[in-house]
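Chemist: As you go down the protein sequences, you meet chains F and P in turn. Residue numbers for the first sequence follow the working numbering, so the first one is 1 and each next one is one higher. Residue numbers for the second sequence follow the working numbering, so the first one is 1001 and each next one is one higher.
In case anyone wonders, no lab produced these hints; they're calculated from the structure. For each residue, glycine too, the CB sits at the ideal point set by N, CA and C. Incorrect hints may appear among the rest.
Which residues of chain F face chain P? A few of them, derived with a C-beta cut under 8 angstroms, are [as the list claims (entries may be wrong)]: (1) Asn158; (2) Ile183; (3) Ile186.
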Amino acid sequence: MFDNYENYKKRKSVLITGKKSYQNITNDTLNPIIHKAGNLWWISFIISLLSFLWGVICILYTIVTGIGVWGINKTINWAWDITNFVWWVGIGHAGTLISAVLLLFRQKWRLSINRSAEAMTIFAVIQAGLFPIIHMGRPWNAYWVIPIPNQFGSLWPNFNSPLLWDVFAISTYFSVSTVFWFIGLIPDFAMIRDRISNPIQKKIYSILSFGWGGSSRDWQRFEEISLVLAGLCTPLVFSVHTIVSFDFSTSIIKGWHSTIFPPYFVSGAIFSGFAMVQTLLGVTRKVLSLENYITRDHIEYMNKIILLTGGIVSLAYISEFILSWYSKDPFEKFIYFSAKAATGPYWWAFWILILCNVIIPQLLWIKFIRRSFFWSYIIAIIINIGMWFERFDIIVLNLSRDYIPSSWTGFVPSFIDVGIFIGTIGCFFSIYLLYIRFFPVISQSELKTLVSCKKKL
Amino acid sequence: MLNSNNQSIKYNVIHALYNDKNLMIDSIKLLIKNKNIKIKEVYSPFPIHNLDKLLKLKPTNLSIYAFIYGLFGFFFSNLIIWYTMIYDWPQNIGGKPSFSWIQNFPSFIPVIFELSIYFSAHLMCITYLFQCKLFPWTKSKNPDPRTTDNLFMIEIEYDKNQTNSIFYFSSFLQKQGAIEVHCK
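With the rest of the complex left out, here is chain P (with noise of 0.2 angstroms):
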């Protein structure tokens, strides 16, 4: 696998597109296998179960986040209702007292249910959107249009001073299915 750090070599990349997810599959395969190269990013139309496994992609951790958001929605929620209920103005409602958190703790289940979703959903959901650098006025982050429509790409890093390798990758690709193969 080349190393990206290293300054005195510089990187250009390759890209493959494919018009069958399959095939596409297949050489990332033989790509990973390769130690002289590496795939810089795989585009698709639609996701593909287990890419992230084979691309040995770190698993995400957004459910992790949804939990936390989740107690933070819990604590929240609590802390409001016994702060308007309990502390604040303790209302006696049709002979029942608010003067215990506890006591009129079941009657407060629906809302404390409610809010520990809501702040999970939103918080998680802005999370995903800052973590993927998904914003209302971004450009467009494929780099070649025709992959949210029916083609799949591979982005592979290669080294610029190698100039014999890009050839051979670009037969390469040609052969395992690529429909075309541009070097940048």
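Extracted from the complex, chain F is given alone in its bound form (with noise of 0.2 angstroms):
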């Protein structure tokens, strides 16, 4: 037992195969900026633009009829809408997590993988901001939020209110994320600048890359402003989640008036978030050729913090549907987990929940699968379906069954929620497609303190 604890501890992990040189590094971040794409990138693209016009004229369609069209009712008034918010925000977590809660921990395991999950992450909250601003149904409004004098003279957004939290946390996490990815893009742009040939496009990496020059000073300051970016960046990622959280949990709908809202929230959004880097990371491995800078070490880290946040949602879980049950409250008994959730009308989504979130991630137990790309490519998609599943049971299922039994109600969605919906997967997916085309997917510069360069005179 102590031998192989021994072994354990020596055991380095393998962040790089193919004993990779710094020029090799710069190659296979420009390999794809420089070449054409393929079919497979081309397939891919088509059917996301295609999944996001269709999402265009679902949104098009709402703001000129109104919300009307969508399926919610008097009594469930928040549905897709608020659950694909949450679902989004959620996703969003797990970028600057990865950036900026691993940076401080040095964790190296990161550097192959960072980009691609801050990147993730400004998409995912640009389609999440794209839902309370529709749900307004009067969108050309959506500037009232913001406490600027406006046509009504003194009339100032309540700042009491955890929907105008939401406002104040989501566009500074959008903020700080996307400066915090543009500074740590900077270096990586001057290397593309200085080394592609078609003249057009060294104009444009050249303005981008703000004149880098990677002098001694420029790294110094570079090294401590993302230090300090990620100091900031680490506390933001709870409170945007904590926030979210406080929409329902500040609320007097019982199943949503709960403490537990906000740890129970933040840890479900970096299961989610770090299951849609598994995904989004399956992808772009095979599709950039990226194999040996995404490794099994990084998928198997990650499917370690899959294992963790995912147990924490299921001890959430747990706990929820024992205080239902305890509490011996009648309208407990329906709350979103609670035994008449697994046999009520909406028992398909408790136990697809169930199976998604709880079961179903236990496999990543053992060593084979957590260590194997298929495997954690398909569990990663389930998650994700599990914590959309997730949000779909707080909201819907906990609205449905109100304190008064005469407004009890059902949720069928329509076209325009399910389109809507699918068109946001397709404008993530279509920016992050075009993100993989034009910008460097791997951070190369911070991947070449990893190579030890080795010369011998």
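Starting from the two chains in their separate frames, assemble the complex, guided by the hints.
Modeler: Below is the structure:
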């Protein structure tokens, strides 16, 4: 046993395979940008773009006609829109977590994957931000949430409202994550600027690189700003989903009015965020031939975080279930984790959630599955589905059985609901696919710190 | 160390290129012992830990600025919340009047926190870009484009009048592992 532990301690994780030199890393980063896109990329992009266009049409139809075209009713007045909002915000969590929190903990395994994860954060938050705006019904008045003098004189937003806290949290998270992402990209843009031969591309990357030279002074400040930004982003990661959970927990709806929501939502967000990183990296690894940079060890590390956060989420489920039973409150019997939820009209949603988020992720305890690209990818997709159903259950199940039984009702999504959701998925993948074609998808300058180039004289 | 303010001495530069980080660091250690030369700048494709200490660069003050900007954000957010919610239009929301800033403070914390981070992060980044002189239309600052790929460069200032020293430094740097030495 002791021997095994010692061996385990000695085993170094393999973060780059194939004996890469500095120049190899440069070339591998540059290849997707200078070469033409493959068929797989074009097929994925066209499908994503068509889905996005479908979503745009549905959004336009909603704005022109009104949100009555959605499946919502007077009891379930939030449904797919807020489900999608919370789901997308959750997905946006892993990126900053990989970049910021793991940077503070000096985890080198973040280096190959942080750039994709950061981009994923930004693109996911864009999708999330869309839903509250279109749910307003009058998106052209969205600026009323900002405390600026408007046409009604002294009409200010309510700073006591969790919905306003959302506005500040999401926009701060989005803009700080974007800044963090872009500052990290500057040295990589400079590398492309110095390598690329096409004059138009050279000009564009020259503008984007801000004249970066890589002097010792620049790197000194770069390291400092990366560290301070990571320190600033870390509490943001935890605050954003905490504040999103306040939308529910500060209300008086049974099943929502719960103090467990902030930690439960944050761990759920990291759980779903890492699952989406696994999904995206599974594609990126193959499409861009990054097999040497995204290794089994990367997959295993992420799966371990998925196991941890999945465990926290499962514990939260159990505590919610026990409390609904123990309270003996007749209305608590109908909340999203209760006997009635498991056997009522939405039993299927309840059991999909349990299967996808609690049972199937336990397979990751098996080392072979935890280190398998294929199984990790499949489990990640299942978790993505499960986490969407978790948000659906929280919102629709709790609203469908209100305090007044006469207002009990169900929810059926309209084709517009479905179209907008698929549209956001299309938009997300379209932007991501464009990103991996034109932006350095691996943080080459940071990754080079892992390579020790030894030259014998 | 040469005095760069002395107008009677004209300086040119030597660019020594290395393909190994460790060889370059060894060369820097030897060069800084020599009082007749001045290392003007070092370029590398990635950050080298503790290089700033080796070159005796002044510690950066960005983190102090970040703290000051954060404080600014904190006071700004408090001011705007106090003005809108307490002073200008104290609303009675659900039987909870907004007549006192301190009584409402717990529900103001999320926005105050977010705005403090917002100001700190953004203003620090702007300061960083100004300090490093990084702007969208700026020309690339590295003298050799290979320094963003796989090469490391030491830029050394030397006295133009002392021609012998050029040959001495060139051969010295090459012995230390420089793959190319250019005198400009």
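Chemist: With reference to the structure, classify each hint as holding or not holding.
Modeler: Status of each hint after checking the structure:
Interface hint at asparagine 158(F): satisfied, since its Cβ lies 6 angstroms from the closest Cβ of chain P, which is below the 8 angstroms cut-off. Interface hint at isoleucine 183(F): satisfied, since its Cβ lies 6 angstroms from the closest Cβ of chain P, which is below the 8 angstroms cut-off. With its C-beta approaching chain P no nearer than about 7 angstroms, isoleucine 186(F) sits inside the 8 angstroms limit, and its interface hint holds.
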